[in-house]
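> Sequence:
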Amino acid sequence: MALALPGPASAAWARPETAAVVVETSAAIDDLRRWVLETGDHQGLSFVIVDKRGARVAAYDGAGRLLGFAPALLGLGRGDDSPVGIGDRALSDIGPAERITPAGRFPARLGENLSGHTVLWVDYDAAISLHPVATTRRSERRQARLDSPDVDDNRISYGCINVPAPFYASVIRPMFQDGEGVVYVLPETRSMAVEFFDKAAGTANGL
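Each residue of the sequence shown is one higher than the one before, counting from 8 in the numbering used here.
It is worth saying that the hints were derived from the structure and are not from the lab. None of these values were measured; they are calculated from a predicted model. Treat the hints with care, since some could be wrong.
[What the hints assert, rightly or not] For each label pair, taking beta carbons as the anchor points, the in silico distance ranges come out as:
| id | residue 1 | residue 2 | range |
| --- | --- | --- | --- |
| 1 | G123 | R144 | 10 to 20 Å |
| 2 | A34 | D157 | 11 to 21 Å |
| 3 | G71 | A97 | 34 to 44 Å |
| 4 | Y131 | A176 | 16 to 26 Å |
| 5 | D157 | R116 | 27 to 37 Å |
| 6 | R145 | D100 | 21 to 31 Å |
| 7 | G102 | A70 | 41 to 51 Å |
| 8 | Q50 | G118 | 16 to 26 Å |
| 9 | E147 | F204 | 32 to 42 Å |
| 10 | A34 | G92 | 27 to 37 Å |
| 11 | S122 | R148 | 19 to 29 Å |
| 12 | G71 | K206 | 15 to 25 Å |
| 13 | D205 | A176 | 32 to 42 Å |
Glycine is no exception: its CB is placed at the ideal position from the N, C-alpha and C atoms.
Produce the entire structure from the sequences given, and follow the hints as far as they go.
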């Protein structure tokens, strides 16, 4: 979504060597990582796994080595599918229940949003990107939500995936600087088997 993005801000995130700091990868993330590597679904590209239920993000290189992980803010609405045509609508026309972070496998690359900021486009047609936490709307307390250990307050965005600014700058942007990668968003209303394991590797959402 075309929100203005802030400059660098502090928030809890960690590289593998500081893994004891606040955030850990989840069992669901670990399960999908194993499947990705066993099937070669990522086609040797760097990849990111987003756990909506756990409100966290983990980033891996093409060999499956952990590059870093962080908390994340996600869409306010619960669900795994973006409403049809959502990417063509103004933010003011999107209701709370429609503010969904879609689940699935997405070819991803860096690009500009409508505000001219570089973001990682996850689903361009649905206007879903991964970007540094947007803090322009103070009433939403997005930075405080990221800093909070409670995952229940991490549902606030219009569907985009908000991460700590240092994590985006130090991990995500360098990962995708030279080309495409893959973002996997874990489902919350469907099973992992339906969303990923029962599909042929590399077939969901292109690539």
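> Hint by hint, where does the structure go against what was stated? Just the numbers, ascending.
none
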